[in-house]
Amino acid sequence: METVSIRRYYVWQLPVRVYHWVNAVCVTVLCVTGYLIGSPLALQSSSEASFGYWFGTVRFVHFVTAFVFFFNFVGRIYWGFAGNSYARWNNFLVFRKSQWREIIEVLKVDILQAKAQPLESIGHNALASLTYFLTFIAFLFQCMTGFGMYAAMSDSWLPQLFAWIVPVMGGDFAVRQWHHMAMWFFIIFSFIHVYLVFYHDYVEGRGVLSSMVGGWKFIEKEKGKN
Amino acid sequence: MANRIVVDPITRIEGHLRIEVEIKDGKIVDAYSSGTMVRGFELILKGRDPRDAWAFTERACGVCTTVHALASVRAVEDALKIKIPPNAELIRNLMFCAQYLQDHVVHFYHLHALDWVDVVSALKADPKKTSEIAQSISNWPNSSPGYFSDLQKRLKTFVDSGQLGIFANGYWGHAAYKLPNEVNLLGVAHYLEALEWQKEIVKVHTIFGGKNPHPNYLVGGVPCSINIEESNAINAERLAMVGRLFEEAKEFVEKVYLPDLVAVAGFYKDWGGIGGGLSNYMAYGDLPVNGYADVAQFKFPRGIILNRDLSTVHPIDGSDAEQIQEFISHSWYTYSDGDEKGKHPWAGETNLNYTGPKPPYDYLNVDQKYSWLKTPRWKGMPMEVGPLSRLLVAYASGREEVKEVVNGALAALNVPVGALFSTLGRTAARGLETKLIALWAKEFYDQLLTNIRNGDTRTANMEKWEPATWPKEAKGVGLTEAPRGALAHWIVVKDQKIDNYQLVVPSTWNASPRDPQGQRSAYEASLIDTPVKDPEQPLEILRTIHSFDPCLACAVH
Amino acid sequence: MEEKMLTVYEQMQSRGYSRRDFLRFCSWMGALIGVEATGLARVVHALETKPRVPVVWFHFQECTCCSESFIRSSHPIVADILLDKISLDYTETLQAAAGKQAEEALHATMKKYKGEYLMLCEGSVPTEADGVYCCIAGRTALDIVKEAAEGAKAIVAWGSCASNGCIQGAKPNPTGATPIHKIVTGKPIINVPGCPPIGEVMAGTIVHLLAFDRIPQLDGLGRPKAFYSRRVHDTCYRRPNYDAGLFVESFDDENAKRGYCLYKVGCRGPVTYNACGVMRWNNGVSYPIQSGHGCIGCSEANFWDNGPFYQHLASFPGFGIETTADKIGVAVGAATLAGMAAHAISTNIRKRHEIKKDQNEQDKKGGA
Ligand code: HEM
Ligand code: HEM
Ligand code: NFV
Ligand code: SF4
Ligand code: SF4
Ligand code: F3S
Ligand SMILES: [Mg+2]
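Residue numbers (the numbering used here), protein chains in the order written: chain A, 3 to 228; chain B, 3 to 559; chain C, 198 to 565.
Calculated directly from the structure, the hints in this document are not laboratory data.
Keep in mind that this is a model prediction, so the values were computed, not measured.
Beta carbons are placed, not taken as given, at the ideal position from N, Cα and C, and that holds for glycine.
Honestly, I wouldn't trust all of these hints.
What the hints assert, rightly or not - Simulated restraints on C-beta separations:
#1 B/N353 to A/G82: 56 to 64 Å
#2 A/D203 to C/A528: 27 to 35 Å
#3 C/I542 to A/R98: 29 to 37 Å
#4 C/K379 to A/Y55: 38 to 46 Å
#5 A/S41 to B/G49: 20 to 28 Å
Construct the complete structure from the given sequences, taking the supplied hints into account.
Shown next, in the form of structure tokens:
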């Protein structure tokens, strides 16, 4: 029987893990509340308006979560410079030829379902890096459009930083439309992301799934160069 | 050779109108009417949601604001077979009446009066005599000698300032001005009062439609809800305000507008023989009292009078491809199958194609294309539309109310029926129908209250609101009477979107260039034979053109 | 006489108004343009000493509803004053002179008051086909704007037409309709959007210019902050219903009869900057929302292309009328889920196969 020796790698430091789960919760909450803001439920209530505030609450939750989401995101950017090699910012830029080769490899595994070859990377694989990079851009976009709109309802400094975005995009209507459309990017990203994490865990059997909890990944010894 | 005179811009109208006339021996021998601005509404409407069309078309004009919205919702309702609730019809009628009251009064005082009233000579009036005249024709309270002498003082300071503002460079002192100084002063006083008053009656639009100009409409009814137990809807207070506004309007019309009209007309009876122009008159009719489908019950009946023959009223069918058609042989457009044949609006095309002289220009090439207006025809014949046509069709249809006011006015001025077919006739007809409208508004208002009292508060029918309930393809036409005449919109809906949308507007009928057979439309025809005393100061041209109350933004769209 | 210009105060005196009327007028104006009580003396002084300002009012691609709205400006004394305090030397809608005489009046003012006159523009300017889509007196609007702007002290762009192109600028903008600020440079331009703007907003803008002899504070889009700094939504009296989640679901339903929020039938109040909620229309009688119809966003650039007006988000061009981002999003989301399901099934089949193979190999090895 062929034996493979496995090594434990400490990949995801605590700040990355905390960031990840805070972010995951925020995005989920923002999508749900955002969707409700866009298409509020029918509430056939005859009570006085002054008795209820549920829609105001939905918006309030959206805004509070937005602030948490924003600062969490800022924290992750900081960790991109302060954290370990797996957390570094340059992980998310796919410039090397080998990374592109890896993307093709992963696509083969993911889509064509070729037999999993142990991969070069220990942190994110290159395809994941690319999608996370896009996700970060989308985070930024969502913050800019969100706070741009929010600037009209708040005098505090943070939203005001983004007030300029509204005239540039051609008015509140356009900003809202874009902000709303971007929500679908997150929803679809989350579906695929979560599925793929489980899938990789299943086919590769390297503990990807639990790595975001405990921080450890399990990699074949001779392959693990990183 | 005849002498070519150009008047551009024609002012005190809506929009951009240019008139070129040939004058020979002090009379106009030929005339050309040109609209010089276009926006392309019919192109912009393509592909949009039919439920939004009212808002787009309403912006054709802010002067007759609402009438295009009305034509539009009717066109869509016709296409989708939507029947609106009775209250919605009544509210639309009330908005219609408010529009007429405001538009006609503003036309008379602010757009037309200065053709007859010499502002500067009012300075020489004796205010006491003005007061006597005012009190002899009406019991309107603002009529004391002091009132008129204060006004005269204000006017004098204004003129003395050397900055004449809107009165600068008018044809003051022109020999065609015939009013005594005292009546001129009265005219100026009411010019200012009417300016104040007009913004009151439009509040009817604000109550039902949220604002004026450009109140809101709704396919399937009206957007406002009635709930007499709620502060957020049409309730007793809102209705009381509507009632009061119409009462005040009626008073203004009866005590100021009509007495002034009769007083002024008395000095210009010769204009009962000038400016008749065409002899065909068309009205689509409006003000349903039993639903839009019951045309026979309209307050303004539908029909056509040919050759001034008041014994026969010919029927109109907006969906008959052979009846109403638009021609472009003298308009800056092209048709895909040649520019000589007419097109029914459902098959209408709007392809802008300017071929006129390169600006700046002195004259248009009037033997070729020379206007942005298309040329509408009914069975190939030119039609005059407007207040005069409405009254003539109603008169010929035997409507007693109408006969009464028309005969009354003819008797008061001591002129024959034939005087109606003229510049003066048009101006008088506008005043007379305003009087009727003020009466009818009260009927609609009372009916609305009765319905509410009986428990019917519905204002919209939303059954066919969702595009999923619409047929794959549908066609509709919405007819109405705008203040300036017969207005209709034609719509073709395909796959839930507007596939074609055509507006044929009153001022398009009246102000259009000639058709392929060389027949003139109303403006051009009415100018023929008009005497022009001083070609440098063509006041007479303004009189006849203004009697139509031109709206060129409407006409071209 | 020729050269003398009367001050607003003198004008009012001559119109029979008392000093008290005048002061009341000043304080109303002050309130309208938002000056504090302490600043009132300045307004009084300005209106007492300023001569009538020459004004030319142009009409290009428009529907004249801005003019109509202007004459609806409510407080009676204001309508009087605006006719007399400014000298409206050119305005096709109201002036007595026509044709040649009208053009002469225009040119006289432009010459005599070069650098002093106010230029008010109603309507957009077509730029396609060298501007032939709007000609006045044989000249293109484009030509006229450029000439008149030269000597203007300041320019006011009335309505959405002049400040953002409005309806004729909606897709496909067949005439190249262009707002004033994209044609004229180097002059102060005040955009007063709305289709039309509220009459009192128009009057207030003029009064601001006259009383303070300076441009009102403008926002990033050139609009006076005094009237355009708040969203309709932020001053909407139905806002408590919005916050409570009480919405009209369909016109004239029970909720409409109770005056609930119009958000779900397309109200654009949350994305529209205008004073409708505070000033209301026609002397405070109502405004669109109060009368049951959502705001259609008439003071926002491109609002015509953000339709349909009865849904909260715009439709996607090329799709059906009701295709919003959500419909597309749901479709893509569903496709993703379906793809994942298929993927998971085939993965499982393969994996089981592999496991079996591994197992077999191990069995074989073990058996040998
Ligand atoms: C993953 C992140 C986010 C998602 C998915 C999301 C989603 C949404 C959605 C779908 C809407 C409704 C848009 C509509 O149809 O009208 C919305 C509204 C809004 N969002 Fe977000 N959003 C996110 C982040 C943010 C952030 C970071 C902010 C920053 C403050 C923000 C502020 C807003 C504001 C101000 C509104 C408009 C609410 C209102 O006017 O009532 N959002 N969001
Ligand atoms: C049950 C839910 C989730 C699980 C199990 C999960 C698991 C993981 C795992 C294992 C990784 C590391 C993947 C790798 O090695 O490349 C990861 C990374 C990441 N996930 Fe999730 N995830 C979940 C939900 C989400 C959600 C909802 C989002 C938000 C959109 C999200 C955003 C991210 C991002 C941005 C990273 C990159 C982390 C970094 O390096 O900063 N995840 N996730
Ligand atoms: N012609 C015209 Fe209108 C009217 N009345 C509309 O249909 O003015 Ni603007
Ligand atoms: S902005 Fe609207 S109201 Fe003003 S002229 Fe243009 S279309 Fe008319
Ligand atoms: S009606 Fe419109 S403006 Fe008013 S609260 Fe609702 S969404 Fe906002
Ligand atoms: S449509 Fe216009 S009038 Fe006011 S409420 Fe909206 S900005
Ligand atoms: Mg047409």
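Okay, the hints, checked on the actual structure:
Between B/N353 and A/G82 the Cβ separation comes to about 58 Å, which falls inside the hinted range of 56 to 64 Å. Hint check: A/D203 to C/A528, Cβ distance near 29 Å, so the stated range 27 to 35 Å holds. The hint said 29 to 37 Å for the Cβ distance between C/I542 and A/R98, and at roughly 35 Å that hint holds. Evaluation of the 38 to 46 Å hint for C/K379 and A/Y55 yields a pass: the beta carbon distance comes to about 44 Å.
As the Cβ distance of A/S41 to B/G49 is approximately 25 Å, the hint placing it in 20 to 28 Å holds.
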